[in-house]
Amino acid sequence: MQTEPTKPTYEQCVRNFFAQLQAIHVDHLEQRWITISLLVIGLFVGIMTLDALFDGINPPSKVETIDSAKLHLSKEFAEDNLGVQVDDKGNVVVRMVAGRYSFFPKHIDVPAETPITLRWVSSDVLHGVHIPMTNMSTMIVPGYVAEITTTFPKPGEYPVLCNEYCGLGHNHMWSNISVIAKEDWKAPVKSAVKGGSNNE
Amino acid sequence: MNDAATRKLVLSHLWVAFIAFAVACLQGEYQVLERSGFISALDSPSVYFASVSTHGVLMAFVLTTFFIMGFGYTIATSTLKQPIWNKPLAWVGFWLALVGVVLAAIPLLTGKASVLYTFYPPIVAHAAFYIGATLLVVGSWVWCVIMLVMFTQWKKANSGQPVPLAMFATVMNAMLWLWTSAGVAVEVLFQLIPFALGWIDTIDPGLARTLFAWTLHPIVYFWLIPAYTAFYVFVPKQAGGFLFSDEMARLAFIVLAVFALPIGFHHLYMDPEQAKGWKLLHAIGTFVVALPTLVTGFTVIASLEIAGRLRGGKGLFGWIGSLPWTNTMVLSVILSLLMLIFGGFGGIVNASYAMNAMVHNTAWVPGHFHLIFAGTTVIMYFAIAYYLWPMLVKKPLFSKQMALVQLWTWFIGMSILTTPWHVLGLLGQPRRISTVVYNNLLTLAWKPYEFMMIFGGLILLASAFLFVYILAKTQLNPTAEVCEAEIEYAEPIHAVASLPEWLNGISLWNKVIAVLMAISFGYPILQFFFMDSYGSSPWGF
Ligand code: HEM
Ligand SMILES: [Cu+2]
Ligand SMILES: [Cu+2]
Numbered sequence: 001m002q003t004e005p006t007k008p009t010y011e012q013c014v015r016n017f018f019a020q021l022q023a024i025h026v027d028h029l030e031q032r033w034i035t036i037s038l039l040v041i042g043l044f045v046g047i048m049t050l051d052a053l054f055d056g057i058n059p060p061s062k063v064e065t066i067d068s069a070k071l072h073l074s075k076e077f078a079e080d081n082l083g084v085q086v087d088d089k090g091n092v093v094v095r096m097v098a099g100r101y102s103f104f105p106k107h108i109d110v111p112a113e114t115p116i117t118l119r120w121v122s123s124d125v126l127h128g129v130h131i132p133m134t135n136m137s138t139m140i141v142p143g144y145v146a147e148i149t150t151t152f153p154k155p156g157e158y159p160v161l162c163n164e165y166c167g168l169g170h171n172h173m174w175s176n177i178s179v180i181a182k183e184d185w186k187a188p189v190k191s192a193v194k195g196g197s198n199n200e
Numbered sequence: 001m002n003d004a005a006t007r008k009l010v011l012s013h014l015w016v017a018f019i020a021f022a023v024a025c026l027q028g029e030y031q032v033l034e035r036s037g038f039i040s041a042l043d044s045p046s047v048y049f050a051s052v053s054t055h056g057v058l059m060a061f062v063l064t065t066f067f068i069m070g071f072g073y074t075i076a077t078s079t080l081k082q083p084i085w086n087k088p089l090a091w092v093g094f095w096l097a098l099v100g101v102v103l104a105a106i107p108l109l110t111g112k113a114s115v116l117y118t119f120y121p122p123i124v125a126h127a128a129f130y131i132g133a134t135l136l137v138v139g140s141w142v143w144c145v146i147m148l149v150m151f152t153q154w155k156k157a158n159s160g161q162p163v164p165l166a167m168f169a170t171v172m173n174a175m176l177w178l179w180t181s182a183g184v185a186v187e188v189l190f191q192l193i194p195f196a197l198g199w200i201d202t203i204d205p206g207l208a209r210t211l212f213a214w215t216l217h218p219i220v221y222f223w224l225i226p227a228y229t230a231f232y233v234f235v236p237k238q239a240g241g242f243l244f245s246d247e248m249a250r251l252a253f254i255v256l257a258v259f260a261l262p263i264g265f266h267h268l269y270m271d272p273e274q275a276k277g278w279k280l281l282h283a284i285g286t287f288v289v290a291l292p293t294l295v296t297g298f299t300v301i302a303s304l305e306i307a308g309r310l311r312g313g314k315g316l317f318g319w320i321g322s323l324p325w326t327n328t329m330v331l332s333v334i335l336s337l338l339m340l341i342f343g344g345f346g347g348i349v350n351a352s353y354a355m356n357a358m359v360h361n362t363a364w365v366p367g368h369f370h371l372i373f374a375g376t377t378v379i380m381y382f383a384i385a386y387y388l389w390p391m392l393v394k395k396p397l398f399s400k401q402m403a404l405v406q407l408w409t410w411f412i413g414m415s416i417l418t419t420p421w422h423v424l425g426l427l428g429q430p431r432r433i434s435t436v437v438y439n440n441l442l443t444l445a446w447k448p449y450e451f452m453m454i455f456g457g458l459i460l461l462a463s464a465f466l467f468v469y470i471l472a473k474t475q476l477n478p479t480a481e482v483c484e485a486e487i488e489y490a491e492p493i494h495a496v497a498s499l500p501e502w503l504n505g506i507s508l509w510n511k512v513i514a515v516l517m518a519i520s521f522g523y524p525i526l527q528f529f530f531m532d533s534y535g536s537s538p539w540g541f
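As you go down the protein sequences, you meet chains D and R in turn. Counting from 1, one number per residue, gives the positions in the first sequence under our numbering. Counting from 1, one number per residue, gives the positions in the second sequence under our numbering.
The reader is advised that the hints may include incorrect statements.
Listed below are the simulated BS3-like cross-link pairs for lysine-lysine, each with C-alpha atoms no more than 27 angstroms apart in a straight line [to be verified]: (1) D/Lys106 <-> R/Lys447; (2) R/Lys8 <-> R/Lys400; (3) R/Lys447 <-> D/Lys154; (4) R/Lys394 <-> R/Lys81; (5) D/Lys89 <-> R/Lys276; (6) D/Lys75 <-> D/Lys106; (7) R/Lys395 <-> R/Lys8; (8) R/Lys81 <-> R/Lys156; (9) R/Lys8 <-> R/Lys87; (10) R/Lys447 <-> R/Lys237; (11) D/Lys62 <-> R/Lys276; (12) R/Lys394 <-> R/Lys8.
None of these hints come from the bench; they were simulated from the model.
Hey, can you work out the whole structure from these sequences and the hints?
Laid out in structure tokens, this is it:
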């Protein structure tokens, strides 16, 4: 008859593991280095996590689907609804379509120092969009709406560049954006038709 | 290494790797020239993207996979003192992989697979490209099986004995690669091949990118582990000292393999199909995996310091000067670590959850991975080749002097190539462009940097050909006397007599990985089957 259990319990396994881990010979200098490394890693992870949880600093991650083959039939991304608008609550919203090989509309004006929500969709393949010198960057995956909210601090003329290979004409895929000083920017008239409330 | 059949097997693998490497370096130089717009006759997006696709596949998949397989057979036979288990099967693996490469090369070189080495759908290539890539991976799986069988058999015959460190690292890598390749294998088998053959009309590019991200991070550790193995098992001996700690080395390989896997979403930070919580989870894991690299840096430098002091080096930094800088292995590790410091810094920028937006898909990214992959990793492939070649061909190295020049020029060329590349990224240049046509003032600032890259590339090209020349000359030397050297593995300061099972085997870590992968990829993959998603139909390029 067996009195001993043939298999150690889970708890014993864990206890053994830690006992063996502690038995590993670690030089004191190395121990110090590992501690420093862990502290540095902890610092970076801490900053990232706190920023994400409390300041909402996250990359574009709104999981929202759309039928990329039927954009022209969708209300939101139909041709005459694209570009800059001010919604009922006064938020500046930009809707853009990426298609080989340009971003539509080809030129938009947005105010500086104002939070802007950009909504990007693809009408064909995978694209990416980046406005150099800013953190306006997102992938545009067919079947999904890429939404990003950001603020452009400095007025100026910026290129809008496709940064994911989308075919042989990839380098030709770009458009322009003018960031205009807040005081000089006028909401497009279109938003008045939409019932926007805060334009003169 | 006295068994001629094994040497032939290893040499075959390494030659495929290095020929692919030399061809791809030629393409690399063409690419920097074409991009610069300096020679307008070269201007052609179709040639450029066919070239970049081939260059990427040859470097990332062919050079690495064949090198790792050849290196693994060397480690297994020399540390376990056993012949290769099932040699015919090993040749089957070799031929499967080689036929796969040729099958993929045909559409690549004829411009029918200009989809880059990441082949993101819904752009599709000729089906032969995906089928060829699959055969390459299946060939590498054969290698994984042989490594695992040899390891298991040895452990059975030598119960209670510590598995030699080099073999432990190799087996960890085989296990890592089986897990790593599963993601892309599912993508290719269930999405891309049926899509390319027209069996299915649409696929979800979001799911495809998620599966590819499963593979995309750990694959770089698959490439890197041979370099780290050399750091631990060859370098201390070649420098004239001892390995600082055998057990810490094992722990480093374990953490590397386990945490390399569940963190692939740092490639999807900017993607809309995954939610922020999952991205943050993977971001944290990404920082954790920096730990084994920091430990490795410490151990290698400590091992070098021991060697330097044993050789009479004095003072805080005096030991650096007394290292054998003319030993190819030692010189390589020094240059490799230098590139690792800068490349590692760049990697932390990339990994930073939100800061990534500044550099994502800009020229910074190829700048970064050329530095850390073509630099840190590949220079150790050179060092390993120089070390093993005389034992593989039984002839002395053709010229040590030339080998040292080759290593230095690789380092210098890589610094000149990648520094401006990083700057271009910060100046907003996108990656993967064949010419600059943006009509914008900003792009004027790009010119001088593109120019510098041509020179870096030229130096690298010369260095690459010198490397192949030295190996060929060594092997073809007609009059050489037989060279009977054996591989020497570094001794740890404290020899290990016995080890707990989890430092000596992979079964626990295999289970840990399964749990971590279920946590970090389970829901993110399953979500695609629950949400209302819309597939994409295939597009040409
Ligand atoms: C002579 C030396 C080399 C030069 C001049 C060079 C140059 C280039 C260039 C210009 C690109 C295109 C990047 C783009 O379009 O954004 C590229 C891509 C690539 N290179 Fe190299 N390269 C060299 C060596 C290497 C080595 C040794 C490796 C790795 C072992 C490597 C791995 C890659 C990979 C994986 C890509 C594909 C990147 C992509 O698809 O975005 N290269 N290289
Ligand atoms: Cu593009
Ligand atoms: Cu990664």
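*Given the hint that R/Lys447 pairs with R/Lys237, test it: the Cα-Cα distance must not exceed 27 angstroms.*
With Cα atoms ~46 angstroms apart, R/Lys447 and R/Lys237 exceed 27 angstroms; violated.
*Holds or violated: are the alpha carbons of D/Lys62 and R/Lys276 at most 27 angstroms from each other?*
holds, 8 angstroms
*asked:* Need the status of pair D/Lys75, D/Lys106: alpha-carbon distance at most 27 angstroms?
replied: holds, 20 angstroms
*Compare the distance between the alpha carbons of R/Lys395 and R/Lys8 with 27 angstroms, and conclude whether the hinted pair is satisfied.*
holds, 14 angstroms
*Mind checking the alpha carbons of D/Lys89 and R/Lys276 for me, to see if they're no more than 27 angstroms apart?*
holds, 25 angstroms
_Can you confirm whether the C-alpha distance between D/Lys106 and R/Lys447 stays at or below 27 angstroms?_
holds, 25 angstroms
*Take the C-alpha atoms of R/Lys8 and R/Lys87, compute the straight-line distance between them, and say whether it is at most 27 angstroms.*
OK: R/Lys8 and R/Lys87 at ~11 angstroms, within 27 angstroms.
_Holds or violated: R/Lys394 to R/Lys8, with C-alpha atoms at most 27 angstroms apart_ = holds, 12 angstroms
*Between R/Lys394 and R/Lys81, does the CA-CA distance stay at or below 27 angstroms?*
With a Cα-Cα distance of about 18 angstroms, the restraint between R/Lys394 and R/Lys81 holds, given a limit of 27 angstroms.
*Would the pair R/Lys8 and R/Lys400 pass a check requiring their Cα atoms to be no farther apart than 27 angstroms?*
It holds: about 23 angstroms lies between the C-alpha atoms, which stays within 27 angstroms.
*Satisfaction of hint between D/Lys154 and R/Lys447, Cα-Cα up to 27 angstroms*: holds, 25 angstroms
*Is it true that the CA of R/Lys81 sits at most 27 angstroms from the CA of R/Lys156?*
Holds: R/Lys81 and R/Lys156 sit about 14 angstroms apart, inside 27 angstroms.
Checked against the numbered hints above, the structure violates only hint 10.
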